[in-house]
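J.: Taking the hints into account, I'd like the entire structure generated from these sequences.
Number of protein chains: 2
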Amino acid sequence: MGHQGNDIRITLIGAGTIGLSFAAFHLSHLSSPSQLTILDTRPDLEEYVRSTLPKFFPDAPISHVTLSNSLPDAVRNASIIQESGSENLPFKKSIWAEVEKHAPQDTLLWSSTSGIPASQQTADMQDKTRLLVVHPYNPPHMMPLLELVPSPQTSADVLTRTQEFWRTRGRVPILLLKEMTGFVANRLAFALLRESIHLVNEGVVNVEELDRVVETSMGPRWAIAGPFKSYHAGGGAGGLEGFFKNIGGTVQKCWDDTGKVNVGEVWEESIFRQAKEQYGVVDLGERDRITKRILDTVEKEKNNE
Amino acid sequence: MGHQGNDIRITLIGAGTIGLSFAAFHLSHLSSPSQLTILDTRPDLEEYVRSTLPKFFPDAPISHVTLSNSLPDAVRNASIIQESGSENLPFKKSIWAEVEKHAPQDTLLWSSTSGIPASQQTADMQDKTRLLVVHPYNPPHMMPLLELVPSPQTSADVLTRTQEFWRTRGRVPILLLKEMTGFVANRLAFALLRESIHLVNEGVVNVEELDRVVETSMGPRWAIAGPFKSYHAGGGAGGLEGFFKNIGGTVQKCWDDTGKVNVGEVWEESIFRQAKEQYGVVDLGERDRITKRILDTVEKEKNNE
Chain A
135 MGHQGNDIRI TLIGAGTIGL SFAAFHLSHL SSPSQLTILD TRPDLEEYVR STLPKFFPDA
195 PISHVTLSNS LPDAVRNASI IQESGSENLP FKKSIWAEVE KHAPQDTLLW SSTSGIPASQ
255 QTADMQDKTR LLVVHPYNPP HMMPLLELVP SPQTSADVLT RTQEFWRTRG RVPILLLKEM
315 TGFVANRLAF ALLRESIHLV NEGVVNVEEL DRVVETSMGP RWAIAGPFKS YHAGGGAGGL
375 EGFFKNIGGT VQKCWDDTGK VNVGEVWEES IFRQAKEQYG VVDLGERDRI TKRILDTVEK
435 EKNNE
Chain B
135 MGHQGNDIRI TLIGAGTIGL SFAAFHLSHL SSPSQLTILD TRPDLEEYVR STLPKFFPDA
195 PISHVTLSNS LPDAVRNASI IQESGSENLP FKKSIWAEVE KHAPQDTLLW SSTSGIPASQ
255 QTADMQDKTR LLVVHPYNPP HMMPLLELVP SPQTSADVLT RTQEFWRTRG RVPILLLKEM
315 TGFVANRLAF ALLRESIHLV NEGVVNVEEL DRVVETSMGP RWAIAGPFKS YHAGGGAGGL
375 EGFFKNIGGT VQKCWDDTGK VNVGEVWEES IFRQAKEQYG VVDLGERDRI TKRILDTVEK
435 EKNNE
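Line order of the protein sequences matches chains A and B. Residues 135 to 439 in our numbering are what the first sequence spells out, letter by letter. Residues 135 to 439 in our numbering are what the second sequence spells out, letter by letter.
Note that these hints are calculated values from the structure, not bench results. Hints are supplied without guarantee of correctness; some may be wrong.
Since the list can't tell identical chains apart, any single copy or any two copies may satisfy a pair.
Listed below are the simulated DSBU-like cross-link pairs for lysine-lysine, each with C-alpha atoms no more than 30 Å apart in a straight line [to be verified]:
hint: 1; residue 1: 262; residue 2: 312
hint: 2; residue 1: 394; residue 2: 410
hint: 3; residue 1: 410; residue 2: 227
hint: 4; residue 1: 410; residue 2: 189
hint: 5; residue 1: 227; residue 2: 312
hint: 6; residue 1: 189; residue 2: 235
hint: 7; residue 1: 262; residue 2: 189
hint: 8; residue 1: 379; residue 2: 189
hint: 9; residue 1: 434; residue 2: 410
hint: 10; residue 1: 410; residue 2: 436
hint: 11; residue 1: 189; residue 2: 434
hint: 12; residue 1: 379; residue 2: 410
hint: 13; residue 1: 262; residue 2: 387
hint: 14; residue 1: 227; residue 2: 387
hint: 15; residue 1: 379; residue 2: 262
hint: 16; residue 1: 426; residue 2: 436
hint: 17; residue 1: 426; residue 2: 394
hint: 18; residue 1: 227; residue 2: 379
hint: 19; residue 1: 379; residue 2: 394
hint: 20; residue 1: 410; residue 2: 312
hint: 21; residue 1: 312; residue 2: 394
hint: 22; residue 1: 387; residue 2: 410
hint: 23; residue 1: 312; residue 2: 235
hint: 24; residue 1: 434; residue 2: 387
hint: 25; residue 1: 379; residue 2: 426
hint: 26; residue 1: 434; residue 2: 379
hint: 27; residue 1: 262; residue 2: 434
hint: 28; residue 1: 262; residue 2: 227
T.: Printed below as a string of structure tokens:
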């Protein structure tokens, strides 16, 4: 069974926000919506998909998608099974053990988990070579990044086929060589978030001002060039080394002085309240519309169109 | 003397990259290029400005700008004096003491320093109320952010006039209520940089892959919504509080496990080399062209044009 052609068959396990956002992505790339199956045990599945999927894909051809509440039926002919279910290890272990009984032998198995390593999810499987984490950045129907996090048992062939799937669809799969908590993207973002909380907690700026700082400086910069490339450029002819030669002393002072706030401490009340008062309910439609324009702009400009 | 009208007169001290980038900004906002003076003691000042300024502003009306190597002459009629000279405390202290002797009494005094607090720069001045740090994000002719960092002596009137100057020119001045090393933007970026170095040093991804992660996820996201707003949206109806309720445990695990690399340690050799091999000399023209497109896109979309 081929995996890149018209005979590809994708089964999504879990019709939550992430699952349906992936559904929107796949529907805009498959030859036919009949190649997609969505498995979820919620009793109102059809109604829920009909009301939610159009938020990600306004004209989604929902009536041609197979909706199922039977795992054996849903996975029997799948060439790719992508799980975006509950973040719960016993659930994932049992799902994969069950999938293994009913899916074809060369089906690719992907988990969208943001925290449970493939090496734990495969605990009850016979063949642990096919499963890896394919962790999206929210919302997956829009953001290019996929973090691929194999277990030590994942086979090279599975990795290659997974990378090729995403690359041929214009996405950016990045292979992580170690299973670390939070993977890469969240670890980086959380490091910046911690310092953000520290600075607000110290009274240097408020929540809205801190966001404005990021939006008007490193946000747009990092949309084009990540931190290493940015500082390599900032170092002039000396590159990243020149950058550290020039201001390494200041960098180290900031590092020595980094905020060490923790979850559950006293900053929470004031910062949660500020966010609520400042932002209320965020308009995700606006966010996604602007996100798409920015991604299109970067893409076009990088190709010098 | 007014400060927002046609009679505004700006003197830039220091014709380095930051100074000339500010020159480009001011030239595109002043009624006449004759309102701008650039002070620098380098012997080839005119030649240098003629060759460098057009990189930031292709058709800069250079012949109408006053170029000076005499501080008393350059500051005598200035309504704003903006210093972007050497990052060296004795230099800045002596410059401001000298400026004070020759400039009008209500002239605004701004330093572009990224590290030397206004409270130290004013040490030898009689009137310490007029000086504050106005720290740009590179390149200043393009990036909206200005971090305003007063000393405890800076007057409210000076702050108000400074904020108004930048706001009326479409920029985003953010007032910092404490003088902290690195201010806000650099502290945040350096926190993320430290974790970036840690992850590359641990062999999870390489330099180029780490940059790609940022460029395809939090970069474009944070160009639209800073970390608090993003996670407030990520928490759904529960907002930022809901976000921490859902995945605060993972956040804390990442914080507990944050990389503690330092400047001068063994990671430098490999990471500096990777940056050099991967990026060589970065094309700043391309970077700035795409940056401008992104900033324009965000601006237009936020105004729903």
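J.: It remains to establish, for every hint, whether it holds in the given structure.
T.: Hints, verified against the model:
1. With identical chains, the CA atoms of residue 262 and residue 312 are at most 30 Å apart within one copy only, with a shortest distance of 17 Å there and 54 Å across copies.
2. For a Cα distance limit of 30 Å, the shortest separation of residue 394 from residue 410 inside one copy, 24 Å, qualifies, whereas the shortest one across copies, 33 Å, does not.
3. Within a single copy, residue 410 and residue 227 get their C-alpha atoms no closer than 37 Å, and across copies no closer than 44 Å, so neither meets the 30 Å cut-off.
4. In the homo-oligomer, the alpha carbons of residue 410 and residue 189 lie at most 30 Å apart inside one protomer (24 Å), although the nearest pairing across protomers, at 43 Å, exceeds that limit.
5. In this homomeric assembly, residue 227 and residue 312 come within 30 Å of each other (Cα to Cα) only inside a single copy, at 20 Å, whereas the closest approach across copies is 50 Å.
6. Taking the closest pair of Cα atoms, residue 189 and residue 235 never come within 30 Å of each other, the shortest separation being 34 Å inside a single copy and 64 Å across copies.
7. In this assembly of identical chains, residue 262 and residue 189 lie within 30 Å of each other by CA distance neither inside one copy nor across copies; the values are 36 Å within and 56 Å between.
8. Taking identical chains as interchangeable, the C-alpha atoms of residue 379 and residue 189 lie at most 30 Å apart only when they sit on different chains, with a minimum of 25 Å there against 49 Å within one chain.
9. In this assembly of identical chains, residue 434 and residue 410 lie within 30 Å of each other by CA distance solely across copies; the values are 26 Å between and 36 Å within a copy.
10. Taking the shortest Cα distances, residue 410 and residue 436 sit within 30 Å of each other only across copies (20 Å), while inside one copy they are farther apart (37 Å).
11. Taking the shortest alpha-carbon separations for residue 189 and residue 434, both the intra-copy value of 25 Å and the inter-copy value of 23 Å come in at or below 30 Å.
12. Taking CA atoms no more than 30 Å apart as the test, residue 379 paired with residue 410 passes between copies only; the shortest distance there is 15 Å, against 42 Å inside one copy.
13. Only between protomers do residue 262 and residue 387 lie at most 30 Å apart by alpha-carbon distance; the minimum there is 26 Å, versus 46 Å within a single protomer.
14. In the homo-oligomer, the alpha carbons of residue 227 and residue 387 lie at most 30 Å apart only across protomers (22 Å), although the nearest pairing inside one protomer, at 45 Å, exceeds that limit.
15. In this assembly of identical chains, residue 379 and residue 262 lie within 30 Å of each other by CA distance neither inside one copy nor across copies; the values are 47 Å within and 32 Å between.
16. Taking the shortest Cα distances, residue 426 and residue 436 sit within 30 Å of each other both inside one copy (15 Å) and across copies (13 Å).
17. When the C-alpha separation of residue 426 and residue 394 is checked against a cutoff of 30 Å, the pair qualifies neither within a copy, at 35 Å, nor between copies, at 35 Å.
18. When the C-alpha separation of residue 227 and residue 379 is checked against a cutoff of 30 Å, the pair qualifies only between copies, where the shortest distance is 24 Å, while the shortest distance within a copy is 50 Å.
19. For the identical chains of this complex, residue 379 and residue 394 are neighbours both inside a copy (27 Å) and across copies (19 Å), given an alpha-carbon limit of 30 Å.
20. In this assembly of identical chains, residue 410 and residue 312 lie within 30 Å of each other by CA distance solely across copies; the values are 25 Å between and 37 Å within a copy.
21. Both within a single protomer and between protomers do residue 312 and residue 394 lie at most 30 Å apart by alpha-carbon distance, with minima of 25 Å and 18 Å respectively.
22. Taking the shortest alpha-carbon separations for residue 387 and residue 410, only the inter-copy value of 25 Å comes in at or below 30 Å, while the best intra-copy value is 33 Å.
23. Only within a single protomer do residue 312 and residue 235 lie at most 30 Å apart by alpha-carbon distance; the minimum there is 28 Å, versus 62 Å between protomers.
24. Taking CA atoms no more than 30 Å apart as the test, residue 434 paired with residue 387 passes in neither setting, with 39 Å inside one copy and 38 Å between copies.
25. Taking the closest pair of Cα atoms, residue 379 and residue 426 come within 30 Å of each other only across two copies (29 Å); inside a single copy the shortest separation is 38 Å, beyond that limit.
26. Within a single copy, residue 434 and residue 379 get their C-alpha atoms no closer than 35 Å, and across copies no closer than 39 Å, so neither meets the 30 Å cut-off.
27. For the identical chains of this complex, residue 262 and residue 434 are neighbours neither inside a copy (40 Å) nor across copies (49 Å), given an alpha-carbon limit of 30 Å.
28. Taking the shortest alpha-carbon separations for residue 262 and residue 227, only the intra-copy value of 11 Å comes in at or below 30 Å, while the best inter-copy value is 66 Å.
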